[in-house]
Amino acid sequence: MSSRLLALIPLAVAINVAIGRIVAELSLPVYLDAVGTILVSALAGLGAGIATGLISQVFAAFVSGYVWLAFAPIQVLIALLAYVAARQGGFRNFGMSVAWGCLLGVFGGVLSAFISYLAFKGVTAGGVTFLTTVLVGAGMDLPWAVALSSVVTDVIDKALAFALVGVALRSLPVRMIGRYPLALRALGR
Amino acid sequence: MTAPGAPSPGLARRAHPLTGLSAAIAVTALAFLVPTPWGPLILYGGCVVLVAICGVGRAIRQGVIVCLPLWIFLFLLHGLLGGGPTRSLGPLTLSADGTMAALVQAGRFGAIITASLGFYHAFDPSRFLNAVAARGWPMHFSYLFVATLHALPAFLDRAGASIEAQRTRGLRYRGGVLARARAVVPLALPLILGALAEVDERAHALEMRAVAVGGKRTPLDPPADTLADRTIRWSLLFLVLLALVGRLTSWPM
Numbered sequence: 001m002s003s004r005l006l007a008l009i010p011l012a013v014a015i016n017v018a019i020g021r022i023v024a025e026l027s028l029p030v031y032l033d034a035v036g037t038i039l040v041s042a043l044a045g046l047g048a049g050i051a052t053g054l055i056s057q058v059f060a061a062f063v064s065g066y067v068w069l070a071f072a073p074i075q076v077l078i079a080l081l082a083y084v085a086a087r088q089g090g091f092r093n094f095g096m097s098v099a100w101g102c103l104l105g106v107f108g109g110v111l112s113a114f115i116s117y118l119a120f121k122g123v124t125a126g127g128v129t130f131l132t133t134v135l136v137g138a139g140m141d142l143p144w145a146v147a148l149s150s151v152v153t154d155v156i157d158k159a160l161a162f163a164l165v166g167v168a169l170r171s172l173p174v175r176m177i178g179r180y181p182l183a184l185r186a187l188g189r
Numbered sequence: 190m191t192a193p194g195a196p197s198p199g200l201a202r203r204a205h206p207l208t209g210l211s212a213a214i215a216v217t218a219l220a221f222l223v224p225t226p227w228g229p230l231i232l233y234g235g236c237v238v239l240v241a242i243c244g245v246g247r248a249i250r251q252g253v254i255v256c257l258p259l260w261i262f263l264f265l266l267h268g269l270l271g272g273g274p275t276r277s278l279g280p281l282t283l284s285a286d287g288t289m290a291a292l293v294q295a296g297r298f299g300a301i302i303t304a305s306l307g308f309y310h311a312f313d314p315s316r317f318l319n320a321v322a323a324r325g326w327p328m329h330f331s332y333l334f335v336a337t338l339h340a341l342p343a344f345l346d347r348a349g350a351s352i353e354a355q356r357t358r359g360l361r362y363r364g365g366v367l368a369r370a371r372a373v374v375p376l377a378l379p380l381i382l383g384a385l386a387e388v389d390e391r392a393h394a395l396e397m398r399a400v401a402v403g404g405k406r407t408p409l410d411p412p413a414d415t416l417a418d419r420t421i422r423w424s425l426l427f428l429v430l431l432a433l434v435g436r437l438t439s440w441p442m
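The listed protein sequences derive, respectively, from chains A and B. Residues in the first sequence are numbered consecutively from 1, following the numbering used here. Residues in the second sequence are numbered consecutively from 190, following the numbering used here.
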């Protein structure tokens, strides 16, 4: 592993956690806890993105319970789709970033719903579970309620996260972004 | 999230770091393998006693705080809104199957979260790194772990400072969801750009120390891996395998 990656990954994990705090401060019904993972995937490629996502998940589990390690496959999916988006120039403008974020939200939401239903009986984080409870209270079956609430929250969450990473990449000085060839491709340059 | 505080002086602190980690992982596996409905609840009770004996009792209270919203949602979603035959409990009509499922899952959450937090409170980064270095784990792993552990509190402080600075400049982040969502960019962007600007400096420092070369580290003061530690770890493995066999053959799912 190169020195640049060894320096980048811990900072990206910290970004995941710190932006989670900002979002909590704003009382937004999303998490934005994968911004660092998406950023690293778009800057340094798939392997670095997966490492960032998995380390983030391990640290989240370390301080709040290993039960959350079950969601590690989601981090791999995020890194994979962010890498594909970067290769396809998916961060070149706001619209493209949001579209790729929505696509990831759909896939991530479905995978998240499977894990949430099978391992946790539909009860995970506050916002998603609140929506699930409302839907079940309205008469929807639990599996469908879990799926719908996961997909809806994930689409919003990942669209915002991709949009934010797009803004960050487009704000980087040319000298800095030039060090990451994949990022130039992500911006369609 | 913060770095672990002063480690507890009890049994958990004196044990080999990999013993505590093995115990937390074993509890996570056992929570899904022990027979239901009472297995996970008994496991939770066992974890509470064990964590208290090992001198990390604060994990019990913190575990309850983390678990409480999950328990409430389990009760609402499965007990109150669950289907199947019902039972009356005072003024409430509860689903019998749903309440039992909620209890099982509540026990699992309680056991896993209490055990994990017990390990977290007994965790000493330098002992852990010496232990894994003595085992020959790669240097990159150790570096990523320690650098992340150090970066987390610093970035949380920066996030707090960014919020305060933007608030002072008049950024409004109260009101509707859209107004609050718009505030994310001015709050988060300086954090991201600052981190990326820091990468070069850190990479240069790592290059100077030849960290990227990897190789095996020699620990200065590796923690003792006693016979008791090894016996506990092997016993935990045996217990998990036994539970797995039981789960696959006869125990109720």
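Since the hints were made in silico from the structure, they are not lab data. Mixed in with the good hints, there may be bad ones.
To be verified - In silico contact screen, one side only, chain A against chain B (beta carbon under 7 angstroms); selected entries:
1) Ser3
2) Ala18
3) Ile19
4) Leu28
5) Val63
6) Tyr66
7) Val67
8) Val76
9) Leu77
10) Leu80
11) Val84
12) Gln88
13) Leu131
14) Val151
15) Val155
16) Ile156
Said to hold, decoys possible - Some but not every residue of chain A turned toward chain B, in silico, with C-beta under 8 angstroms:
17) Val13
18) Gly89
19) Ser171
20) Arg189
Cβ coordinates follow ideal geometry from the N, Cα and C atoms, glycine included.
Holds or violated: is the Cβ of Tyr66 (chain A) closer than 7 angstroms to a Cβ in chain B? Given a least distance of 4 angstroms, the restraint on Tyr66 (chain A) holds.
Quick check on Ala18 (chain A) please, does its C-beta sit within 7 angstroms of some C-beta on chain B? Holds, about 4 angstroms.
Does the nearest C-beta of chain B fall within a distance shorter than 7 angstroms of the C-beta of Val155 (chain A)? 14 angstroms, violated
When the nearest CB of chain B is found for Gly89 (chain A), is that gap smaller than 8 angstroms? Not OK, violated: Gly89 (chain A) not within 8 angstroms of chain B, min 20 angstroms.
Let's test the interface hint: is any C-beta of chain B closer than 7 angstroms to that of Val63 (chain A)? 5 angstroms, holds
The hint names Ile19 (chain A) as touching chain B; please verify it with the least Cβ-Cβ distance against 7 angstroms. 5 angstroms, holds
At a threshold of 7 angstroms, is the proposed contact between Leu77 (chain A) and chain B supported by beta-carbon distances? Constraint on Leu77 (chain A) not satisfied, violated at 21 angstroms.
Can you verify the interface hint for Ile156 (chain A): is its Cβ closer than 7 angstroms to any Cβ in chain B? Hint violated; Ile156 (chain A) Cβ to chain B Cβ min 9 angstroms, cut 7 angstroms.
Per the CB criterion, is Val84 (chain A) less than 7 angstroms away from chain B? 21 angstroms, violated
With a cut-off of 7 angstroms, does the beta carbon of Val76 (chain A) approach a beta carbon of chain B closely enough for the hint to hold? 17 angstroms, violated
Restraint check, 7 angstroms cut-off on beta carbons, for Gln88 (chain A) near chain B: Violated: closest Cβ of chain B sits about 22 angstroms from Gln88 (chain A), beyond 7 angstroms.
Per-residue hint verdict: Leu80 (chain A), partner chain B, C-beta under 7 angstroms: Hint violated; Leu80 (chain A) Cβ to chain B Cβ min 20 angstroms, cut 7 angstroms.
Violated hints for the displayed structure, listed by number in ascending order: 8, 9, 10, 11, 12, 13, 14, 15, 16, 18, 20.
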